Amino acid sequence: MILQTDTISLTLQGNRLLNDIALDVRPGEVLGLIGPNGAGKSTLLRIMAGLLRPETGRVLLDGQDLFTMPPEERGRHLAYLPQEAPAAIGMSVQDVAMLGRLPHRRTASAEQNETAVQQALDVVGMSAFADRSSARLSGGERARVLLARALAVQAPILLADEPVAALDPAQALTVMDLFGQCAVQGQAVAVVLHDLALAARFCTRIAVLSQGRLVSIGTPAEVLTDALFAEVYGVAVRRCGEVAVPWSLVSSARRP
Amino acid sequence: MSRYTLTVAILSAVVLALAILSLAAGPAGIGVVQGLSDMLHGRETIAATIIGQIRLPRMILALLIGGTLGLSGAALQGLVRNPLADPGVLGISGCGALGAVLVFYTGVSAVWAPALPLAALSGAGLATLLLLALTRGGTLVLVLAGAALGSMSAALLALTLNLVPSPYASYEIMHWLMGSLSRASLHDVVIATPGLLIGSALLFSTGRSLDALTLGEDVAQTMGFPLRAVQWRVVLGTALAVGSGVAVAGGIGFVGLVMPHLLRPLAGARPSRLLLPSALGGAALLLAADLFVRLPVSGAELQLGVVTSLIGTPVFFWQVWRLRGRPV
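Protein chains in written order, with my numbering: chain A, 1 to 256; chain B, 1001 to 1328.
If you are wondering where the hints come from, they were derived from the structure by calculation, not from laboratory data.
Wrong hints could be hidden among the right ones.
[To be verified] If you anchor each label on the Cβ, the simulated ranges turn out as follows: (1) B:W1318 / A:P27: 26 to 32 Å; (2) B:Y1004 / A:E111: 52 to 58 Å; (3) A:G63 / B:T1193: 50 to 56 Å; (4) B:A1148 / A:E29: 50 to 56 Å; (5) A:Q118 / B:M1001: 21 to 27 Å.
[Claimed, not checked] Residues from chain B that keep clear of chain A, each with C-beta distances beyond 12 Å, as calculated: (6) I1054; (7) L1102; (8) V1143; (9) I1191; (10) R1208.
[What the hints assert, rightly or not] Some, not all, of what chain A presents toward chain B, calculated at C-beta under 7 Å: (11) L51; (12) L52; (13) P86; (14) D95.
Quick caveat, the model's predicted, so the values are computed rather than measured.
In this text, a Cβ means the ideal position worked out from N, Cα and C, and glycines have one as well.
Go ahead and model the full structure; you've got the sequences and the hints to work with.
Below is the structure:
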């Protein structure tokens, strides 16, 4: 399934948050959405998830308008992983992951649901904790359980908003690697990221947003140029092998 | 048998036993079976009258009102994701009582009987709507708003009592405000039951949405459970159930707070799994409390609402104690 934004724009309270954004997320790819704070990344992702209506333009799922689709069907087609995890839920790990099967309640059998949840917990490495209360997990473990919930939907589209922001490097690598595996298995994955090294390492394509505009889109090598770092982020970088490390601020005169 | 099934089975058995006991308990030594069979065969015996006119309405109302109070507590707690939510604590019952007293005081209910439950459920519904509008402010705002609603309804009720012309009417209102089923009649059953049943059905229908909401509003919406839809069902369900209950039995508090709290360890943390046990538990609690007030203690009959509050406040304190130090 292809998720496509057809030149969407959004103005909220007089602020132009998004301006004519046209991009698509295709099966088999991890699309990274990057940009400075306030660039509109999360807003764009929320529109792509059907949580927010664009002012103009459409969001299309295989050509069909996302906002006219029945909510339950939409729920089977795309899984959304928000930035902020809810406060401690007392439910067991198994029960939390099982919530991902709610959109399938009328279409899947109990065995199919069990299998999907089991697979999702296996993939994130939380099977051994299935019966543990999710309130008694570390931050990283909780993030993985919530990811298992999103994976259990088995949706062709997976949208994640800064999924690694609160994770240590090992957990972040694990989670990003999981997105890569999802893409290999044919899912279309879009991830909002702040860590540019992770974006360069794991994303098939990267879309750069700045002040509500799509500045650049392409492979990491095409997009993550020194000029882009200077213009969009206002930083000069040093290259350590393939990875660019933000090193110093460039003079404010050059910033947009 | 899973722990959930076992919990439901045991609670059902307790409710059944208490319901039978409720029919059997009373100062007149009559046979329950005899009374019921006389009543069903239309024989106008004393036993039939006592069972049919006094004990059966009282049992039915304790069962239904207790059940809906437990249920609405569980649904409200699931909706606002806060263990302090309860129709009594949040002032919903108080506003329902205010609505009922106003139509009682103005005499409208004497002319048109359904006005009483309608006014009570309007009061309860308005209160619930106002609280939901404030829910986004978090726990502290919610509880404070509930306290404000409770104080407001108490003040206006007191004002009404002051203005009531006869001391007898004032005594009537006061008695009823404290929450009681001692004068429950078949007529009460007739006016309250539709609201209690429809409200319960609405509240029971929210289970899956409440489960989805544990992951936050956004995720719930992407899974096909928009917050608005579940909010409306909880508001309408609570207003119908609590309003109808208040209209005939007055303010009975804390049942909705106590039951989810006691049953959560047994039923699990999934909100949908808490609805049925909380309803059964609420029914059992109110049946038991209503049996307790019938015990001949110090001559006078205790008020039902007073007993549930005495049971409920320690649980309330316990919840506050557990929440201390948590950011609000």
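* Out of the numbered hints, which ones does the structure contradict? -> 1, 2, 10 and 12
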